[in-house]
Amino acid sequence: MVPIFELEDVSLSYELAGGARNVLRNISFTVSDGEILTFCGASGTGKTSLLRIMAGLTRQTGGTANFRGAPIDGPANDVAIVFQDYSNALLQWRTVGRNVALGIERTLKGTELKDRVMDALRLVGLEKNVNDYPWQLSGGMQQRVQIARALALKPSVLLMDEPFAALDAMTKASLQDELLNIRDKTGANIVFITHDIEEAVYLGDRVAVLRGTPSTVEQLFDIALPKPRNQITTRELPEFLALRHQIHDAIGGHS
Amino acid sequence: MLALANAAKGFLPLVIAIGVWQYAGDKESALFPPPATWWPAIADLIAADTFFPALNATLSLIGLSLAAASLVGFVLGLVIGTLPGFRHWTSLVLEYLRALPPPVIIPLAVLLLGYTMTMKVSVIAFAAFWPVMLNTIAGVSQIHNLTFDVARSLRMTWFETLSKVVLPATIPSLLLGIRIALPQSVVVTLVVEMFTGESGIGSLMIAAQRNFNAAEVFGLLAVMGLFGYGLTAAFSGLERAILRRWPLSASAS
Numbered sequence: 019m020v021p022i023f024e025l026e027d028v029s030l031s032y033e034l035a036g037g038a039r040n041v042l043r044n045i046s047f048t049v050s051d052g053e054i055l056t057f058c059g060a061s062g063t064g065k066t067s068l069l070r071i072m073a074g075l076t077r078q079t080g081g082t083a084n085f086r087g088a089p090i091d092g093p094a095n096d097v098a099i100v101f102q103d104y105s106n107a108l109l110q111w112r113t114v115g116r117n118v119a120l121g122i123e124r125t126l127k128g129t130e131l132k133d134r135v136m137d138a139l140r141l142v143g144l145e146k147n148v149n150d151y152p153w154q155l156s157g158g159m160q161q162r163v164q165i166a167r168a169l170a171l172k173p174s175v176l177l178m179d180e181p182f183a184a185l186d187a188m189t190k191a192s193l194q195d196e197l198l199n200i201r202d203k204t205g206a207n208i209v210f211i212t213h214d215i216e217e218a219v220y221l222g223d224r225v226a227v228l229r230g231t232p233s234t235v236e237q238l239f240d241i242a243l244p245k246p247r248n249q250i251t252t253r254e255l256p257e258f259l260a261l262r263h264q265i266h267d268a269i270g271g272h273s
Numbered sequence: 013m014l015a016l017a018n019a020a021k022g023f024l025p026l027v028i029a030i031g032v033w034q035y036a037g038d039k040e041s042a043l044f045p046p047p048a049t050w051w052p053a054i055a056d057l058i059a060a061d062t063f064f065p066a067l068n069a070t071l072s073l074i075g076l077s078l079a080a081a082s083l084v085g086f087v088l089g090l091v092i093g094t095l096p097g098f099r100h101w102t103s104l105v106l107e108y109l110r111a112l113p114p115p116v117i118i119p120l121a122v123l124l125l126g127y128t129m130t131m132k133v134s135v136i137a138f139a140a141f142w143p144v145m146l147n148t149i150a151g152v153s154q155i156h157n158l159t160f161d162v163a164r165s166l167r168m169t170w171f172e173t174l175s176k177v178v179l180p181a182t183i184p185s186l187l188l189g190i191r192i193a194l195p196q197s198v199v200v201t202l203v204v205e206m207f208t209g210e211s212g213i214g215s216l217m218i219a220a221q222r223n224f225n226a227a228e229v230f231g232l233l234a235v236m237g238l239f240g241y242g243l244t245a246a247f248s249g250l251e252r253a254i255l256r257r258w259p260l261s262a263s264a265s
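Note that the protein sequences, when read in sequence, are chains U and D.
Under the numbering used here, the letters of the first sequence match residues 19 to 273, in that order.
Under the numbering used here, the letters of the second sequence match residues 13 to 265, in that order.
Honestly, the hints are just simulated from the structure, not real lab data.
C-beta atoms are modelled at their ideal positions from N, C-alpha and C, and glycine is treated no differently.
Hints should not be assumed to be uniformly reliable.
Unchecked claim - Simulated crosslink set (DSBU-like; lysine-lysine; CA at most 35 Å straight-line): (1) Lys190(U) with Lys172(U); (2) Lys172(U) with Lys176(D); (3) Lys245(U) with Lys190(U); (4) Lys127(U) with Lys172(U); (5) Lys203(U) with Lys190(U); (6) Lys146(U) with Lys132(U); (7) Lys190(U) with Lys127(U); (8) Lys127(U) with Lys245(U); (9) Lys203(U) with Lys21(D); (10) Lys21(D) with Lys127(U); (11) Lys146(U) with Lys39(D); (12) Lys176(D) with Lys190(U); (13) Lys127(U) with Lys146(U); (14) Lys127(U) with Lys203(U); (15) Lys203(U) with Lys172(U); (16) Lys132(U) with Lys176(D); (17) Lys132(U) with Lys203(U); (18) Lys190(U) with Lys146(U).
Stated by the list, open to error - Calculated from the model, a selection of chain D residues having no Cβ within reach of chain U, i.e. all distances over 10 Å: (19) Leu76; (20) Leu88; (21) Ser165; (22) Leu174; (23) Leu233.
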């Protein structure tokens, strides 16, 4: 079976005035159907750059990056991206409903469009806020709007760039569980970037650790924790704690 | 209602000053005629059928020029704002042209275009389009790169990105620019009318001054003051109504 993503020996460097800046080197991994792959690494390890390559927003400077067997040469049809900075990712002058419609209003019209928007908003529990403006909502709700906009595309892959990093701990925990629920309902593949080790383990079927400058995949961990995951009991499992410890060491953190 | 009461409070000093002038001033003064004589002077102009055509001419000229300035300023602002190279090699020329006081181009405009409507609109629009254009450029440059990434990831075309992202994102800046341009176009309209002496409140003012009709000059001044204030207040109201959809920070003045 053709993997969803297949990256081989990918590298990325920028030409700057003071010489080249190398961000990524020898990155190789695959994303197979049905899994949540989380990337974890300290800040400055090129996590966002890697996601941008997968999203078709940045072109790698070396190696090959394939999506469903074909080289990535731009944003793909059924790949949706959720960015960390929700306030700039949402169009603040459009209502919640019209933000969610942004990616699909070209192809869908009338009740079909309205139904798809409402379905997406129901998945994130915001169906009552369809006529609000994003700036009237809390940060967690705005991030839900962005997730709904991605889901409205009915994507086969969700690429998420530290989507919960700017949210408080309680909102973060409830959105993590919502995300796992959404994955079960929609079957979307998820590539999730975070600098939060516990989040990476909690959400992931596999965790890839990025390390170094330029960075590369230091280690891949299989997360064989029982499902459905639970914010309290999962996080208390000895396996969870052991993985947390190993990933912490792989990232190169000091405690 | 409260806003109206506050506005009325703001007018109080002016009302008191005019009252003092009326009751304490020299009733026979040729240069400072008491305010009660202003209205009869205007009434004479109305009776002679010259006031309303002149007011109409002035307001139409302001409206037409402001519309032209807004359109040209917005389109140029979008072009210069979205093409960084363009901005780079136009900036010096723009700084130079902007430093010209608008009335000094009247002789050149008359030379090239004659005493025509085109000449008047060109001169006034030249004065008024700067704030519109510069605010639009600033508005475009304030759009976050991430917002363009969103447009790209949703596979929007160039035209969709322009119409769904760039245009609406710059509307608050456009409105701010027009609000600044409005009083400037009132000023330059009156200067142009005084210079050409053909039509409008400005030409009536010059005529009254040449006839030493001080009451009429003051009366016309009061009328233009009222209209200048009214236009700005009306535009601010329109701006607030439009910006209800935008976050509060977008309408900061």
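Checking against the hints above, which ones are violated? 8, 9, 10, 11, 21
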